[in-house]
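> As they're listed, the protein sequences go chains A and B. Okay, so the first sequence: first residue is 21 according to the numbering used here, each after it adds one. Okay, so the second sequence: first residue is 2 according to the numbering used here, each after it adds one.
The hints are simulated quantities; they were obtained by calculation from the structure and are not laboratory data. Incorrect hints may have been included.
What the hints assert, rightly or not - Cross-link-like lysine-lysine pairs, in silico, DSS-like; alpha carbons within 27 Å at most: (1) B:Lys221 - B:Lys242; (2) B:Lys169 - B:Lys106; (3) B:Lys169 - A:Lys230; (4) B:Lys169 - B:Lys108; (5) A:Lys276 - B:Lys106.
Said to hold, decoys possible - The following residues of chain A were derived to be distant from chain B, with all beta-carbon distances above 12 Å: (6) Pro65; (7) Gly96; (8) Thr167; (9) Tyr203; (10) Ala256; (11) Arg338.
Just so you know, even glycine gets a beta-carbon here, dropped at the ideal spot from N, CA and C.
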Amino acid sequence: MTHQATAAGPAAVSPKTAPAPAGKRPGKRSGRRGGRWTPWLYLAPAIVVLAGLLVYPIYQLGLISFLEYTQAQVSGGEPTTFKGLDNYRTLFSDSQFWQVLLATVGFAAACVVSTLAVGCALAVLLTRIRALPRLALMMAALGAWATPAITGSTVWVFLFDPDYGPVNRLLGLGDHSWTYGRYSAFALVLFEVVWCSFPFVMVTVYAGIKAIPSEVLEAASLDGASQWRIWRSITAPMLRPILVVVTIQSIIWDFKVFTQIYVMTNGGGIAGQNLVLNVYAYQKAFASSQYSLGSAIGIVMLLILLAVTLVYLRLLRRQGEEL
Amino acid sequence: MSRTGTLRIRRPWRLAAEASALVVAVIVAFPLYWMVLSAFKPAGEIQSTEARPWTLNPSLDSFRRVFEQQEFGRYFLNSLFVASVVVVASALIAFLAATAVTRFKFKFRTTLLIMFLVAQMVPIEALTIPLFFLMRDAGQLNTLWSLILPHIAFSLPFAIWMLRGFVKAVPEALEEAAYIDGASRTRFLWQILFPLVFPGLVATSVFSFISTWNDFLFAKSFIISDTSQSTLPMALLVFFKPDENDWGGIMAGSTVMTVPVLIFFVLVQRRLVSGLGGAVKD
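With the rest of the complex left out, here is chain A (with noise of 0.2 Å):
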């Protein structure tokens, strides 16, 4: 859900033509009675809170990667000793948490896809329908969107239950189990995603799509342009700021599954199968206290995600978006 990262659609152009109200009077906005301070004064509580509780911790997360940290260490009264890279250095000799990357980034990638593309889907199919349709399934999609993760969760399960789920009665598979082969399991929990993450897409690119101005769609159906060539020339080019956005958005969030893993899955699955780097780094962590490798993990899914944004700050530029 960011927003405003956007503009570049249709609305972007006005601010170009119409002249821009603040260019009126350059300099006097700083030079506004007092203004020095001000901007910095209604700074203050996000800063202090930001730097408190979301800074500071990750200045934690770090300095604890580098230390020897364990359940000895929190109770144990004993001294805390600097061990370097020696945390990273068991965590990528460890083939497990190969294994948990390459999932993570597998089940992220699945999940972003299915997701942009149910939700684009729909929102497409939003605009050729009448009110009453489009007013159920906007109706049905924020209920999935409001739903807590932690429900979510525990009802699809129940959907999928191999003994009193109705699914396997729909499909016929019996007392098949859903969470007990690892690709299922994963599966599953894709369906929740998917299901709880799609409505931002479809109500983001929807509103994307009804921003296109109609005159431009008439003037080109008047034209003779197909559909098809609308879509193509019109349609997507003016979507592709919003379609950067719900993308990155996506990849953030679905990088970050805990709460469905966690709960579907039973806390990473059968012999940890299900695992992702998340719920890895909370079993290591707080199942076995081994905090300084819990540390590195986060660490490890930190950087990759700064990654991403970087890209995303990148195309921001490259639409000469202004912040």
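Based on these hints, arrange chain B on the given structure of chain A.
Just chain B now, with coordinates in the frame of chain A:
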């Protein structure tokens, strides 16, 4: 609004599109329907391999079990308290910050904005470990503040980023006019800007409400021994038993947990959709 979409579409196609939209709507709504239905089913029907999509003898047994066995009402109030404090606090703080970064020009403005963007990407679950030690050192473990404080911090970057568009949309001329009429900066901020940005605040608060209401990782990690401070997600997990899950209890608990969010969503639904649309279009 249907002009663009429906103008050129022939009738049978539109009917087919509408039929498929309704089918999708039913599929999407089905899990929620099944949740509520199962919450009202008597025990015998839930533990039945027939899995009928209706019930002829609705019962409140599951709800009764949930509210009696666990201190569910208390957990509900705890959850509500945590989410409300987070929503109000983060909305106010984000409003001030968004005003600062959109209506002022100052050094490091762009740097700050990029940092707010980057902050959204931080995997909060990874920060559970340092936050746990932070809360322990501050003596806040087992209190609701150990949930409130981190959630304010985590909902801020997105809220600021999203509110930016709403604050920007208020014309400069209005601000100039207010000052010419002798309004002070504070007066402009709270009596003119705040009401105008309010719809955006509502849209933003949906997200902070949901992420806070949803949270179970922090609740699980920070509320370790004092169960009177538990929130709903933890209470829900109690019904998962190694041998036999109490599905009636789980579904009733899930219903109780989902309904407030649904109500909240329906109430702000129009603002949410237009808010997102507005933010996206800006």
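> Decide, hint by hint, whether the structure agrees.
Hint check:
With a CA separation close to 17 Å, the supplied pair B:Lys221 and B:Lys242 stays within the 27 Å bound. For the hint pairing B:Lys169 with B:Lys106, the CA-to-CA distance comes to about 13 Å; that is within 27 Å, so the pair holds. Restraint check for B:Lys169 and A:Lys230: satisfied, since their Cα atoms lie roughly 21 Å apart, inside the 27 Å limit. Between B:Lys169 and B:Lys108 the alpha-carbon distance is near 19 Å, which keeps this suggested pair within the 27 Å criterion.
Distance check on the hinted pair: A:Lys276 and B:Lys106 sit about 35 Å apart at the alpha-carbon level, beyond 27 Å; violated. Separation of A:Pro65 from chain B is inadequate, the least Cβ-Cβ distance of about 5 Å not exceeding the 12 Å criterion. Against chain B, the non-interface label of A:Gly96 holds: every CB pair exceeds 12 Å, the least being about 15 Å. With a least CB separation of 6 Å from chain B, A:Thr167 falls inside the 12 Å interface cut-off, contrary to its annotation.
In this structure A:Tyr203 is separated from chain B by more than 12 Å, as the shortest Cβ-Cβ distance comes to about 22 Å. Chain B leaves A:Ala256 outside its interface by the beta-carbon criterion, the shortest separation being 15 Å against a cut-off of 12 Å. Once the 12 Å rule is applied to beta carbons, A:Arg338 is consistent with being away from chain B; the minimum gap is 15 Å.
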